[in-house]
Structure formats: structure tokens, C-alpha cells
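Protein chains in written order, with the working numbering: chain A, 1 to 297; chain B, 298 to 559; chain C, 560 to 819.
Hint data in this document are derived by calculation from the structure and do not stem from the laboratory.
It cannot be assumed that every hint is accurate.
[To be verified] Which bits of chain C does chain A cover? Going by a derived footprint, with three or more residues having C-beta under 8 angstroms, they are:
no. : segment
1   : 652 to 663
2   : 666 to 674
[What the hints assert, rightly or not] Restricting the straight-line Cα-Cα distance to at most 27 angstroms, the calculated cross-link-like pairs of lysine-lysine (DSS-like) are:
no. : chain 1 : residue 1 : chain 2 : residue 2
3   : B       : Lys-358   : B       : Lys-347
4   : C       : Lys-685   : A       : Lys-104
5   : A       : Lys-29    : B       : Lys-422
6   : C       : Lys-685   : B       : Lys-386
7   : A       : Lys-52    : B       : Lys-475
8   : A       : Lys-65    : A       : Lys-200
9   : B       : Lys-338   : A       : Lys-261
10  : B       : Lys-522   : B       : Lys-550
11  : A       : Lys-60    : A       : Lys-200
12  : C       : Lys-685   : C       : Lys-710
13  : A       : Lys-104   : A       : Lys-60
14  : A       : Lys-29    : A       : Lys-234
15  : B       : Lys-338   : C       : Lys-711
16  : A       : Lys-236   : B       : Lys-475
17  : A       : Lys-57    : B       : Lys-475
18  : C       : Lys-781   : C       : Lys-757
19  : B       : Lys-338   : A       : Lys-60
20  : B       : Lys-527   : B       : Lys-338
21  : B       : Lys-475   : A       : Lys-60
22  : A       : Lys-200   : A       : Lys-272
23  : A       : Lys-60    : B       : Lys-527
24  : B       : Lys-522   : C       : Lys-711
25  : A       : Lys-29    : A       : Lys-65
26  : B       : Lys-522   : B       : Lys-338
27  : A       : Lys-60    : B       : Lys-327
28  : A       : Lys-52    : B       : Lys-327
29  : A       : Lys-60    : A       : Lys-234
30  : B       : Lys-338   : A       : Lys-65
31  : A       : Lys-236   : B       : Lys-327
32  : B       : Lys-522   : A       : Lys-60
For each residue, glycine too, the CB sits at the ideal point set by N, CA and C.
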Amino acid sequence: MTSIGTGYDLSNSVFSPDGRNFQVEYAVKAVENGGTAIGIRCKDGVVLAVEKIITSKLLKPGSNKRIATVDRHVGIVSAGLVPDGRHFVSRARDEASSWRGVYKGPIPISALSNRLGSYVQAYTLYSSVRPFGVTAIVGGWDSEAELAVDGQVGSGPKSGSGGKVEGAKTGGPGLYMIEPSGLYWGYYGAATGKGRQAAKAELEKLDLSSGTLSLVDGVKEAARIIYVAHEDSKDKEFELEMTWISSLDGPTKGRHEEVPKDLLEEAERAAKRALEGEDEEEDATKGNSNETERMEE
Amino acid sequence: MFRNNYDNDAVTFSPQGRIFQVEYAQEAVKQGSVVVGLVNKTHAVLVGLKRNAEELSSYQKKIIEVDSHMGIAIAGLASDARVLSNFMKQQSLSSRMTYGRPLPVDRIVSQIGDRAQTNTQQYGKRPYGVGLLVAGVDESGPHLFEFQPSGMTQEMLACAIGARSQMARTYLERNLDKLESSSRDELITHGLRALKETLSQDKELTVDNTSVGVVGVAGEAGRGKIESFKLYEGQLLVPLLEALEAAEAGETKEEETMEVDS
Amino acid sequence: MNHFPEAWGRPRDDVYGAYNPLYLQTTGPKAHTQSPAVTGTSVVAVKFNGGVAIAADNLASYGSLARFTDVKRLRKFGESAIVGFSGDVSDMQYIDRLLESIDIRENYSTNGNTLNAKNLHTYLSKVLYKRRSEFNPLWNHILVAGFDEDKKPFLSSADLLGTTFSAPHLATGFGAHLAIPILRRLFPEETPLESISKDEAVAALRECIKVLWYRDARSLDKYSLAVVTEAGIEIQEDQQVEAQSWAFAEAIKGYGAQVN
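Okay, chain A solo, but in the shape it has when bound (with noise of 0.2 angstroms):
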């Protein structure tokens, strides 16, 4: 950052000669000191991760919480200034509230997506403001059942017009990634925070865009990508949070919800296993294998 100190990076909404917002690129370094997030769609849901380094020991172990649930069917992550994340999450609640009044149904996660990315971008264009320091994975279930009518009020017509269509499917999983500039796009696997590149290394090995990975084996990915993110911040320790959408047959039923315990401790274990298999295999090549370890586990 050559121009830094000529002025143009004090205050938010300039331009630099070379057509740079300085503060913006500032504030995507409050990101990159972040506790890694990630995000995974799979074929049938969807998984948000975060490793949560812990500061203190007299923190309450398992609460503070940072995935968020915005609706019955999204859920968000955010890597970057903790309190910004919260601010986010909040405006994510009030758009996903204000378009259920509007249309009487659970917000898209692209649509959402869209708004919260209007709304972070409009933090860049006003020197009376900061940029958010925060990026945030949005992740969500829309529903691919038809809406009840009015809230299941009533049962609604039963064929023709405003009827029903037997077997028809919409919706899916959706998975974006909002960043400080509010440039969003949507993933298959989304990585944010001081691990992102490794992270984003791991997730481009699953090939997630041919649709085939399972939910639970996305969790079991999750678990392992976050704790090789964390490898090269090794002397802290962390928590691993996840959350999980699933289909409307699936085990969360269309909603956001954490992963079950078991699930969680499960995909841990498997993920340090993971961890070790790789030491090992290194130290097998240094002609030093050690095999009653290995089946002890």
C-alpha cells in the first residue's frame, strides 16, 4: 500500500488518485485478523462453522455464540469486529422480518443476501460512517414446499387456479458471502478470517459443484476444515461452532439450528484424527511410523 500517509485513506467515502477507498481496504484487515468462518452448500443443506479463539480462560465455555440465527431458515456468520457482526445480523433480522410482512413468507437467501449487501455498500459511500469490519457468510434454506396459505389459515384451493402442483420442487440451499466493499456473491464453500486461505485450499479439494456432497458429511468437512485453518494459530486454543440448515425432509426440517452435540464431538474427533493421519503420514515418510498409535484410536 504504497499511497498510505498521502492523505486520501483518513476518511471513508474518498477516492485515492489510483481509484482506491482506502478505508474499505482498512476495515477488510479488521476481517483478515478475524476468527476463521466458513460456509458449505451441500446437496441437501447447508453449514456455517466458526473457530472461536479463546481470549480468556474465565470465558463461559459454550455460550457466546456467533452464528446467528436471522430467520427460521438463515443463519450468519461473520468473521472480523465481533460488535459489527452484531450490528449486521441485526439489520439481516429487520429485512427477513419486514419481508414477511410484505409477502407473508420467508425472505430468499439471494434476495437477502441482496439487501444486506445494499445495506453494507451504503457504509462506504458517506464520510459520517465506517465501513462494516466485518465479512459475512449468509447461509439458508428456501423452502421447497408451497406456502401455506396465509399461515395455514385456511387449506387453500385444491387444484386449479391458485391450486396445487403435484410434486413441484423450488428452492434449495443458498450460501453468499458479503464482504466490507458490499460486494456479495453466492458459493458452494465460502471462507472468511485469518484462515481463509487454507481453509479455501480444503474447500476446493471437495468439489462441491457437482451437488453431490451429503449434509452430515458436510458437517464432518466443516469440523475438519476449521480445525486445519486453525493449524497455523496452533498455541491458541479454540472452540468449534456449528450451525446447519437441512431440507424440509431433512434432520433440521428447513431451519436453522445448531448441530446436535453428538454430531458436533463426532465431526471434532474425526477432524483431529484427520489432523493426526497427516502428521503421521508425514512422519511415515521419515521412515518412522508408528502403527499401535494409530490403532489405539
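Based on these hints, arrange chains B and C on the given structure of chain A.
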């Protein structure tokens, strides 16, 4: 002299992605006198050291009751704390009015967190210059939260903020595993001991400079029965300070006998 | 003939007489909120040992016309509360959306602090009272069934004026006249809750719904029945009044075509 250009307001990021005005506000918390908070399975306790401006003046209040199920301890700008506590009182009352339900602790904490965040993202505002410890009970039991000027809120098992609070935190960390299973009275004593750790040589905890707040669940948890927030100040503190002395005496005696044994 | 534009499309004065503009009243108090349009009739509910049972038929009437026959007037809230609505159906739909948004908000965090039926009743009565004080009432009489903070069965009502009332058994609309006497006979005053079983409560409600179907012209023989217990909510929305016998109808005299 080096001049930091990025610290004039709360709406400018430094090239490292830091917001200096917010970090400076955290310093204001460290100027305040120390407060300690801790929880066990049934109770949440706040303990604070009160300061007086001069010998003849009164002491600054450190612990404020928000509602019968919740209280806060403050470190930093007391007037900012009053704004926040008034807001908390209103929200708490409104929940009781609208739903007939005491407001869950985590919810009121996120509300003040969100308020504080707004002050760090808009020009013309300044971050709050106060840190809070929020202690309360709700359906899911006792809770302790830390609130910072950045808008960061975290649920803690024990915490201390304010001047020389590191000593108290060290004590709490060292005794963390004892806290959970301790009784109500033991928890208070632990709080007072943590507070005492922060005192400089020539100072002591007295009925004038100490403040204790206790709230808890009564009997079976989740049945809506609580031990309402109670503030111990002045003569009410006598038994608590006596218990503190007794606990310390007991410990030194224990150490002595151990020495004899060896 | 009058060719001025304000008369275009209006009935001719010389044929129909002067148009009475009072019909198109533009000043004076707002009147369209002062009466319900599409309505549901009674809701009945009984507390029993370990829970509450509640029932309502599936009809929405438009005046005397049986307009909709598949309307669900028992609405679930969370895992342990039911709200039964009588009165205006569009106002019910509005309140239902309020409840849905509260439910979504309540589930933002998973810390186990959920609104119980008693909290819900407090909230709804405030909403109803606020609206009646604005002279724009929500035209409903509701029953809320579930549990209070001590996990004891809870049943209470709130009406369009914001009036609240609580009793071991309650009924709204025609049910207040036709079902309450039956329930009082079955479960006399001072009957301890512990002595009323779930089956007895459900049987009593079915009996009430049957009598209401016989005697309330705005009722239906298809109904919904919900039971709230500690285990959760069982809701059946396709119940049918069984073993009907209209033999008694012949003996009824004093109104209708046959006056004597």
C-alpha cells in the same frame, strides 16, 4: 513527535484495521476503580471498590440494581453508566409490563451491546467510556456478562474490570474450579478476596469502600422463584467482611499446619 | 337532464330521486372497524390434571353464510401454548402474524428462555386493550392454553376490549351460553384439577362442540381439538361430530317457520 492520524474519531480505520477511538475508550474503563463479578450454579455476585474524591466526600456508587433479577457493576465514566442503566431499567420494566416476564439477561446485554456499537460507527458520536459487569438470573439460571465500550459482550464465569483488575483476574483464574461448586456465601468471599488482591499495600476493604450485589435462583431452578438482587453496603457488609477475614485466617492456619506436618 | 361531470354514472335524480350522500360519509367517526366481517364462532377449553384441552370448529362465516369450512382457529405457539380464536378471521390472521414474528424473535437465541402461555396471554391482552383504546379494536375473543412459569396448567381469555378472565374451563361466543353450563355440570365448582383426566376433558369438549353444532346456527360439525401437556401439543384439525341425532329438533317450538 509521531502523530497518529487515525485516532481522531470512531469512524476511521487505521491501516491495520483498528479503531483507535474505541481502544482509547477501553482505557477509560481501566481508570475506573475495580469491580469483580462471579457465578456459581445458583448465584451471581458483583463486588466493587468504591472511591471518594476526597476525605469528606461521599463514595461513588459502583453497583446498580436494574430490576429484581439483575444488577450491574460499573468501571469508567459513571455518567455513561447511568445512561446505560436507565435504558436497561426501562427495557426490563417494559418486558414485565408487556409479557409479565423478567427480561432474559442475555437479551438486555445484547441490546446495550448493539447501542454501544452504533456509537462506534457514526461520526459525531463517541464510544461509551464505561465497562459493565451484568449479573442476573433468568429461566436458564444465573449469568454474568462483561460489556465493553466496543460493544463487545461476553458471558463469563468470573471477571474483573477497572484499575489493577489483572490481580483480581489472576485470583479468579487460579480459583476458577472452586467457584462453580462453592456456596452462595463462599462465592461472595471469593469475590471479596479477588477484590482485595487489587488493593495497594496501604489500603483495606472497609464497610465504606466496599459494595456487594447478590442475585440468585431460590430452590429449584426454572420454577420462577428467585432470590432478588440485594445490595450490601455499610453495616450490612460487616458479616461478609468478617467471613472474608475468617476465610483468610483459616487459609493461613492451614498453611501453617501443613508446614508443621512437613 | 343534468350533464355536469359530478353526475356521470350516478342514478338519475328524475327517475330515482335525489342521491343520498350520507351513504358516502366522508366526515365523522371511522365506522368500518366497528363490526366484524368474516367470523369464527365459539372456542371451548378445559384444564385437566397435567394440561389443557381446547376445541373450536373449522368454520368462518360471512354473516349467516357458511363461507369457509377449513379454517384453523386453534393456533400453535412454540412447543407448549395454543391460542384459540373466535371473532373476526382477518383480525385473527393479523394476530397470527404477530405471534409468528414473536416466535421467530424468541428463537434468535437458544438459551431456553421461552415465552409461556401466561406471558403470551399478557401480551395479547395488551395488544387488544391498546387497539380498543384507539377505537380500532381487533374483533376477537381469544383463549390461551398452556402452562405458567411454575409449569402448572394455564387457561385464560382476553376479548376485544382487553378484558381478561380466567377459570378452570372457559368458552367464547355462543359457547359461553351453551357450553359453560355443560362444563359446570361435569366439573362443578371446587373440583380439584387433579381429579379431571385428559380423557374426561376431551370427552367434555366433544360433547360441547356437538351441542354447539346442534344449537348454534353459525357452527360446523367439523372441528379441531388440541391438547397441551408437558409432553407437547397434540393437535387434530379434521375432527367430525359423531353420532348425531336430530330427533330433538322436532320438539323445538317457538321460532322459525313454525311459531307455535
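Going through the hints against the structure:
{"no.": "1", "hint": "652 to 663", "result": "holds (count 6)"}
{"no.": "2", "hint": "666 to 674", "result": "holds (count 4)"}
{"no.": "3", "hint": "B:Lys-358 <-> B:Lys-347", "result": "holds (7 angstroms)"}
{"no.": "4", "hint": "C:Lys-685 <-> A:Lys-104", "result": "holds (24 angstroms)"}
{"no.": "5", "hint": "A:Lys-29 <-> B:Lys-422", "result": "holds (23 angstroms)"}
{"no.": "6", "hint": "C:Lys-685 <-> B:Lys-386", "result": "holds (20 angstroms)"}
{"no.": "7", "hint": "A:Lys-52 <-> B:Lys-475", "result": "holds (25 angstroms)"}
{"no.": "8", "hint": "A:Lys-65 <-> A:Lys-200", "result": "holds (23 angstroms)"}
{"no.": "9", "hint": "B:Lys-338 <-> A:Lys-261", "result": "holds (22 angstroms)"}
{"no.": "10", "hint": "B:Lys-522 <-> B:Lys-550", "result": "violated (39 angstroms)"}
{"no.": "11", "hint": "A:Lys-60 <-> A:Lys-200", "result": "violated (30 angstroms)"}
{"no.": "12", "hint": "C:Lys-685 <-> C:Lys-710", "result": "holds (23 angstroms)"}
{"no.": "13", "hint": "A:Lys-104 <-> A:Lys-60", "result": "violated (39 angstroms)"}
{"no.": "14", "hint": "A:Lys-29 <-> A:Lys-234", "result": "holds (21 angstroms)"}
{"no.": "15", "hint": "B:Lys-338 <-> C:Lys-711", "result": "holds (25 angstroms)"}
{"no.": "16", "hint": "A:Lys-236 <-> B:Lys-475", "result": "holds (24 angstroms)"}
{"no.": "17", "hint": "A:Lys-57 <-> B:Lys-475", "result": "holds (14 angstroms)"}
{"no.": "18", "hint": "C:Lys-781 <-> C:Lys-757", "result": "holds (21 angstroms)"}
{"no.": "19", "hint": "B:Lys-338 <-> A:Lys-60", "result": "holds (12 angstroms)"}
{"no.": "20", "hint": "B:Lys-527 <-> B:Lys-338", "result": "holds (18 angstroms)"}
{"no.": "21", "hint": "B:Lys-475 <-> A:Lys-60", "result": "holds (15 angstroms)"}
{"no.": "22", "hint": "A:Lys-200 <-> A:Lys-272", "result": "holds (19 angstroms)"}
{"no.": "23", "hint": "A:Lys-60 <-> B:Lys-527", "result": "holds (24 angstroms)"}
{"no.": "24", "hint": "B:Lys-522 <-> C:Lys-711", "result": "holds (14 angstroms)"}
{"no.": "25", "hint": "A:Lys-29 <-> A:Lys-65", "result": "holds (23 angstroms)"}
{"no.": "26", "hint": "B:Lys-522 <-> B:Lys-338", "result": "holds (15 angstroms)"}
{"no.": "27", "hint": "A:Lys-60 <-> B:Lys-327", "result": "holds (22 angstroms)"}
{"no.": "28", "hint": "A:Lys-52 <-> B:Lys-327", "result": "holds (25 angstroms)"}
{"no.": "29", "hint": "A:Lys-60 <-> A:Lys-234", "result": "holds (21 angstroms)"}
{"no.": "30", "hint": "B:Lys-338 <-> A:Lys-65", "result": "holds (20 angstroms)"}
{"no.": "31", "hint": "A:Lys-236 <-> B:Lys-327", "result": "holds (25 angstroms)"}
{"no.": "32", "hint": "B:Lys-522 <-> A:Lys-60", "result": "holds (24 angstroms)"}
Of the numbered hints stated above, those contradicted by the structure are hints 10, 11 and 13, listed in ascending order.
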